[in-house]
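**Student:** So the protein lines, in turn, are chains A and B. Quick note on numbering: the working numbering labels position 299 of the first sequence as 299, and the sequence is numbered without any gaps. Quick note on numbering: the working numbering labels position 51 of the second sequence as 51, and the sequence is numbered without any gaps.
The hints are simulated quantities; they were obtained by calculation from the structure and are not laboratory data. It should be emphasised that the depicted structure is a prediction, and the values quoted were computed from it without experimental measurement. It cannot be assumed that every hint is accurate.
[Unchecked claim] Derived pair list, reagent style DSS-like, types lysine-lysine, alpha-carbon separation capped at 25 Å: (1) A:K814 / B:K39; (2) A:K313 / A:K707; (3) A:K435 / A:K42; (4) B:K39 / A:K134; (5) A:K42 / B:K38; (6) A:K88 / B:K38; (7) A:K115 / B:K39; (8) A:K108 / B:K39; (9) A:K134 / B:K38; (10) B:K39 / A:K42; (11) B:K39 / A:K88; (12) A:K666 / A:K707; (13) A:K42 / A:K440; (14) A:K407 / A:K384; (15) A:K115 / B:K38; (16) A:K313 / A:K873; (17) A:K182 / A:K249.
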Amino acid sequence: MEAGRSPNIEILANARLMALEGEAGGFTARVHQEPRFIDEDKCTACGTCTMYCPRPVVDLYNERLDITRAPHIDYPQAIPAVYYIDAKACLRVNYESCNLCAQTCTAKAIDFSQKPREHVLDVGAVVLAPGFGKIDPAVLARFGYGKHPDVVTSLEFERLTCASGPTEGHIVRLSDHKTPKKIAFLQCIGSRDETCGNGYCSSVCCMYAVKEASVAKEHEPDLDISIFFMDVRTQGKGFDESRERAEKKYGIRVIRARVPRVEEIDGRLALTWTDEDGTSRSELFDMVVLSVGLDAPEDARQIADLCGVELNKYDFCLTSAGSPLSTTRPGVFVAGAFQGPKDVPESVTQASGVASLASEELASARGTRTVSVMYPEEDLEIAKGPPRIGVFVCHCGVNIAGVVDVKAVRDYAADLGDVVLYEDPMYSCSQDALKNIARKIKENRLNRVVIAACSPRTHEPLFQETLRSVGVNPALVEMANIRDQCSWVHAQEPAEATQKAMDLVRMAVAKARHLEPLSLQMVSVIPRAVVLGGGAAGMSAALAIADQGFDCILVEKEGELGGNLRMLKWTLDGQDASAILANLVTRVQGHPRIRVMTNAVLENVTGFVGNFVSTIRTGDSNEEVRHGVCVIATGGMQYVPTGDMYGESPKVLTQLELEGRLSKGKGGLRGVNSVVMIQCVGSRGDGMNHCSRVCCTQAVKNALKIKEMKPETAVYVLYRDIRTFGFHEDLYSEARRKGVVFLRYEPEDRPQVLKAGNGLKVRAFDRLLGEYIEIPAGLVVLSTGIAPGENEALSRVVKAPLTPEGFFLEAHAKLRPVEVSVDGFYLCGLAHGPKSLDESIAQAKAAAAKAAIPLAKGEVPVTPLVSRVDQEKCIGCGICESLCPFHAIRLVKVDKRRKAETVTASCKACGICAAHCPTLAISMGGFTDEAIMAQIHAFSERCAS
Amino acid sequence: MTDKGKQGAVLVLGGGVAGVQSALDLADLGYYVYLVEKKASIGGVMAQLDKTFPTNDCSL
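Produce the entire structure from the sequences given, and follow the hints as far as they go.
**Tutor:** As structure tokens, then:
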């Protein structure tokens, strides 16, 4: 996580908000911070304090399944990477005794004189992201939790399956530490349960139960796992596919029932439930996992009172479909689970979305409070002289020195050629040690540095910065990983580990001799965005970018703005969709920074992030526009049904067509006494593979509308799983209360629409009766899914890949949900996958935030680690061009000959081109052939001697 | 301070995945961020997850 290294993010840990005064643009926040009793600048995270502390405390990070000591760190990669003392448990803090940790700490980091601090902060906006709370233990106790050790929560089970968890990934029963044979997952614990006050669905538990069950099967293939669902709600992008794999590949049993309680019989756990046909069943299991839902944060009311924002009836933050990330107080925004239960990608999306909202609010003050790190001017001469190498062999406390003979490795380095300085710092990454390294580089005019310590993946940037701080090119440092590769893996063979550390140091020194300075280039960014698609997502994205102070061109293929929103009458929470549409259109058309192009499509795009040239066709004319970034918001389409007498009978409609009729008032239902809705038309294997996510709530919403307009109408919903996730579950409960009949069908036994005299009837299987029934239908309403738009052509133009379903593929499903694999392109709305209006708007805001980052920075860095072509050696064969996955190397004419040339801004330094070049004409910065060969030769030196 | 008197800084309450992502994006967009977390380290619940679905990537 990069947050720990940004100079513009100040982490206040152990802290809480005490007051928030003022208004949007100018708030004053008071924050109270508890001491951690360990000096952040001195602590090297060695772990000695934990080792000596006599005071055991339960390890909350491992869900109380393990024990740690009063001074500890939650996990090795924690940020801040500093231990803290649990003040509640510490003997020194409470009784003025002990003090063992302070005496044993070699870094002298323990400081019991620390006092609580009060911060007064001037901020322009506030983002609330407090996450979610835990379900009341009393609810869990109903299922035997706390009474039977083998009833565990899903988060405890997650820690049990984790390789770094308390059992190192072995799944065991907590009662006898034996591997269980039969495990049951119980869904909806603390969710969809009005008896505990949580009527909503927690949205994530079905998917994580499927995940945990699948991971468990991978660890222990002989496990017998059953999951008790009411509905299988895996409506996320690609989730149904994983669920199917879990059922088919891992043989996980799906039981549709709610288990009321768990009883113990002879050390095993008895579950009793009622099947869909009404039969009562019971079975014994070895272990029961409770799929615990997400509650509102424990301090939700306190946060709401402090910040002056309203909550909904479940104590989550109140928002609306039109502005899903805004609280009731201007300038205070909300993201993540506090806005409503949600999974990681949606939380990450909302997080970027609120960044856009805050940035829109504060655009005039952008850059006024940020700091940038200044480095001294680079000494260009120093690298040119003969190598003067400094070697630093790190003890890493006992982490390396406990196994490897560090002093012997240091002395060994002394005898290697060109080494003019050799030292063995206790912790090379600590602030003191870094200052020492910097001073020694200067004093000894070092021009190459070798750090024998841990992984370059985590620590190389730190040492590169140290070189920069004294004017030495950052590419002149080389790391040897003697922790992971020596002391960790060869913990039992200290002599061999020491020998291997010597080998690695010798090789690093050999490579270091050949390191060359690499210059960091910056390319300026054209401060303009292109947004493709003028529907709800596209208009929201364009407005968000324009409100952040950047020009924007909105390209819409049809003659007017609005997209699918023009067909929608009500949002899922019952708001007037046409008012939201009108508001968006008016704001877009009146915005001085937005230029709207209608009847227009993107024909071609060239260039790279920051500098794109796009050809946009309007009618017969083409126009070239230059822009820095591009947002894809081209939308989706309504699936067109192919059966169910759609098109044959005027009494068969889609949900959107029904909405059109209902919006005309009661007359739309004249002569209609019963309405039958059929779910998953086109979705989940019925023409398309994916779940369309919104149709269940849409059907329930329209069913309620019918009941409201004409209560005597009979309404039936024939479904596979009712996926009214989140707060939409309230609508489902209300619909059942108002007499809407829900009947589940299996895909193999789909309901049939039949003629009945002048009217229609629907034949379906009733599980409770155990027989087929025929329902007379005044109207048959098909809940048609959302199909991808014409994405294929656009995908070819922008070179962005699609999913097998035909939606655009995001760069990373969890962590980069609104970026695509092509730098400078962002994604939102139905082009990404089916979603509701509020989700589209949130995602559009997120895409706008991401797109505005290069625009705000004004320049993008070109990593110095790029391929370079020696055009003298290049024979123009074109192998590199054909293999490059990023289109970052191309053939150009140089003096009438074909030669390869790197597009440095697009190059990701993967090295494929260099590896395949038949004439070795391509080298990678920092990994030249000479350096790597020298390293390999150095390896063989020991074998030869 | 600017002509409109707005502050170019944002307070983010909560150091879980949502809070951290907001903070990173805001810093990248040119704002100073105070990230307020009640626990001793940031990361929230996601740091406790073994793997994330469907890519099975490490969650850190």
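**Student:** With reference to the structure, classify each hint as holding or not holding.
**Tutor:** For each hint, the structure was consulted:
no. : hint            : in the structure
1   : A:K814 / B:K39  : holds (24 Å)
2   : A:K313 / A:K707 : holds (24 Å)
3   : A:K435 / A:K42  : holds (12 Å)
4   : B:K39 / A:K134  : holds (15 Å)
5   : A:K42 / B:K38   : holds (22 Å)
6   : A:K88 / B:K38   : holds (15 Å)
7   : A:K115 / B:K39  : holds (17 Å)
8   : A:K108 / B:K39  : holds (23 Å)
9   : A:K134 / B:K38  : holds (16 Å)
10  : B:K39 / A:K42   : holds (20 Å)
11  : B:K39 / A:K88   : holds (14 Å)
12  : A:K666 / A:K707 : holds (11 Å)
13  : A:K42 / A:K440  : holds (20 Å)
14  : A:K407 / A:K384 : violated (31 Å)
15  : A:K115 / B:K38  : holds (16 Å)
16  : A:K313 / A:K873 : violated (71 Å)
17  : A:K182 / A:K249 : holds (17 Å)
In the structure shown, a violation is registered for the earlier hints numbered 14 and 16, in ascending order.
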